[in-house]
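Whenever a hint applies, use it, and build me the whole structure from the sequences.
First to last, the protein sequences are chains U and H. Numbered according to this note's numbering, the first sequence spans residues 56 to 639. Numbered according to this note's numbering, the second sequence spans residues 101 to 328.
Honestly, I wouldn't trust all of these hints.
[Said to hold, decoys possible] With a Cα cut of at most 30 Å, we get these calculated BS3-like pairs of lysine-lysine: (1) LYS539/U to LYS454/U; (2) LYS135/H to LYS296/U; (3) LYS135/H to LYS84/U; (4) LYS110/H to LYS296/U; (5) LYS240/U to LYS539/U.
[Said to hold, decoys possible] Label-pair distances were calculated between CB atoms; the ranges are: (6) THR127/H to GLU346/U: 43 to 53 Å; (7) PHE439/U to PRO141/H: 21 to 31 Å; (8) ALA158/H to ALA87/U: 46 to 56 Å; (9) PRO123/H to ALA379/U: 14 to 24 Å.
It should be emphasised that the hints constitute simulated quantities derived from the structure, not laboratory data. Cβ atoms here follow ideal geometry from the backbone N, Cα and C, with glycine treated the same way.
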Amino acid sequence: MQDLDFDVLLSRVTKPARYTDGEWNAVHKDPAAARARFALIYPDTYEIGMSHLGLHILYHILNAHPDYLAERAFAPWPDMEDQLRSRGLPLMSLESRTPLRDFDALGITLPYELTYTNILNVLDLAGVPLRAAERGPDDPLIIGGGPGAVNPEPMADFFDAILVGEGEEAVLEIAHAVAAGDREKALADLAEIEGVYVPSRYEAGFTAPGPRGSVNPAGSAPAVIPRRFVSDLDAAPFPTKQIVPFLDTVHSRVTLEIMRGCGRGCRFCQAGAVYRPRRERSVGTLLRQAEEAVAATGYDEISLLAFTSVDYGPIDEVVSQLVARFADRGVGVAMPSLRVDAFSVSLASKIQEVRKTGLTFAPEAGTERLREVIRKQLTEDDLFAGAEAAFTAGWTRLKLYFMIGLPTETDEDVAAIGDLVRRLVGFGRGALGSRRGRLQIAVSVVAFVPKPHTPFQWTGQDPRDALQGKLQLLQQELRGRAIKLSWTDAGVSGLEAAISRGDRRVGRAIEEAWRMGAKFDSWGEHFDEERWQRAFARAKLEMADYANASLGFDEGLAWDHISCGPGKAALRREAERAFAREEV
Amino acid sequence: MRWISHLDLKRTLERALRRADLPLALTQGHNPHPKLSFGPPLPLGATGDAELLAVHLAEPVGPGEFSERLNAQLPAGVEVTDAWTLPGYKKKETFGDVDVAEYRVQVTGAVDAEDLQRRARQLLDRTELTVQRGGQRPERIVDLRPHILSLSLARSGSEEVELHMRLRTGSHGGARPQEVVALLDLEEDGRVVRYHRTGLYASVEAAAPGSRGVWRRWSRTRSQRERS
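Now the structure itself:
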């Protein structure tokens, strides 16, 4: 398309730089020389997608290979979508402004349930048939992957193939299959790759309402798809020439992944369950990557990424060394996930980001009893010791994460959150003395969402009214100048639960919702709960069967054909252990 | 490149300076950052070839070497076209005296040039040109006329015309080229308007009533360049 015409589009949208490419380290390869051309798509805005490390990793691996090419695309904001639709233009890649349907494959991230309508919107804007069954030899292969792949069923009808697990190694095997031949041959080859699920080769059976049933191979496909994982993180490819966006993205800094996985075993946590085992990068590798990445990007901040940075063995060493090397160059060190459960104040005071944003604690529940049920290994003593150290070191702001609606939770547990926070406020006032006026405790509350492959996958979410009641209780409990309460809408959590434990039928509801205009559902101003209820009704499904129903240990579940490590028997033992103490 | 904001451009230059490994002077404190000064922001969607950036260096680097090293690290669309040493650097005041900007505006699409010429003349003949400025709260009524120092039709063809304008800019008020184009009724569908800033100036003496004043071009003149 002509630059002049594209400029007209750009002049009419907010943040035109979302669509223009040309960032430092973006890669432009000759499409004629590529044996497989990929468009990597993150189904949210540019700013959010560019903050997703997985996209940078896959872009880097594919483009580093002489035979493959990868460009990028994101979900266009509604103003850009209007411009495209009103002019009959298809969605295009950033780098070469090629219509997406002209690529050999679209690699789409499944980041989170509430982005799924954006995926359908992207396919539609690309001019690609929504359902895999409707695609022909000229359509690109639609390949998914990412956190949502551990229960691929709600999106199974829309994808030709879905990679379950980590992509560093599998992506080149997938590219090889895409390059090998026509659509049929490629699908056959993809189905052979470990960890790749080709939904069209399976039949979904349903035994009862909700996610009860099973997915079975229709032919020779494997009965169980094992998730892929990288055994040696230290040797895994990592992009140090990271693309430097012009726009301020969520993470405008060098990102180093210090550790993958988490050894803590909190029973509600899906990421902790499916990214096992816990793997670390060595200090030497990280220091080398930091030097390369700062030189290649010019960022003034290095962010250390891990589920729980403080669990990284040599965390003190790596932070001290980075600070020592980069401080006089004006480059700081940040840790976005500094949960101070195993707190070290001397460590935190070295860290720039923490200075700005305050320290975060994640007790998750208000009572010791409930923390034991969910296996959150943080005692009240730990919390107060951490808070005392933080106040002594000069912090006046703390952030606390809690969940409501956890399995076995009672109103007493919810009220205990209020009690705990109030005691912390009293403690903080005493500890801060003359600076007590600056004390601020930010309390962030989300509803428990049962997730596949966790010990709590069988537990139904509290019904909406119950969650609402608990939230109101908390709002009464948590008043006062020093307390700032924020929460996630109960309707959003309900939908998250329904899709998270969804089966293939839930895909129909997602499609209905999209047809009724749903997109950017994770953006508060776009989420319409009533529309989703109508969408489920049109699909002849009850949202409650997926979100709120408790499932039996012996029932077949819609995601049983996906194996993420621990196995159903181990999950069941964990669940029984969680609930056993209740019976004592 | 025209589609990034002034803030984005600042960040882009800051990162390029760091990649170029130039000896940047840093501010003191917890969060040290380089000492940079910029000329007035370029409007979103506009390009420019006389933009200004002052960089405070911790140790001297020759202008030639500076340009070369920075250019090697700049994304396509941003380029150092000239560099020189500023004696007596004071961050805040570096470009504080810039108060006039010169634009070249290209309009592509069907335009009646004679009619445009007439409208431009009528505009200049007015003693007051009030417009409502949105985006600010409360919305303000601004008189643009004193800020339009010159406006001329430089080139006209059947499918493209080019306007040149000098507008007052800076903290004491000013006009935006888009506002002038809107007054001329040029932003119709089917036309593409492109803005390009060609010069930044500082008033040397205040404009007397009826005169256009005297300005100094901020980017170096050729004779200055040859002397150094």
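Hint-by-hint comparison with the structure:
For the hint linking LYS539/U to LYS454/U, the alpha-carbon distance of about 9 Å falls within 30 Å, and the restraint holds. The suggested pairing of LYS135/H with LYS296/U holds, with an alpha-carbon distance near 26 Å, which does not exceed 30 Å. Among the hinted pairs, LYS135/H with LYS84/U is inconsistent with the structure: their alpha-carbon atoms are about 37 Å apart, more than 30 Å. Straight-line distance between C-alpha atoms of LYS110/H and LYS296/U comes to about 21 Å, which keeps the hinted pair within the 30 Å bound.
A C-alpha spacing of about 57 Å is found between LYS240/U and LYS539/U, which places the hinted pair above 30 Å, so the restraint is violated. Hint check: THR127/H to GLU346/U, Cβ distance near 24 Å, so the stated range 43 to 53 Å is violated. Look at PHE439/U against PRO141/H: about 49 Å separates their beta carbons, and that is not inside 21 to 31 Å. Checked against the hint of 46 to 56 Å, the C-beta distance between ALA158/H and ALA87/U comes to roughly 47 Å, which is consistent with it.
Range check, PRO123/H to ALA379/U: Cβ separation about 20 Å, and the 14 to 24 Å hint holds.
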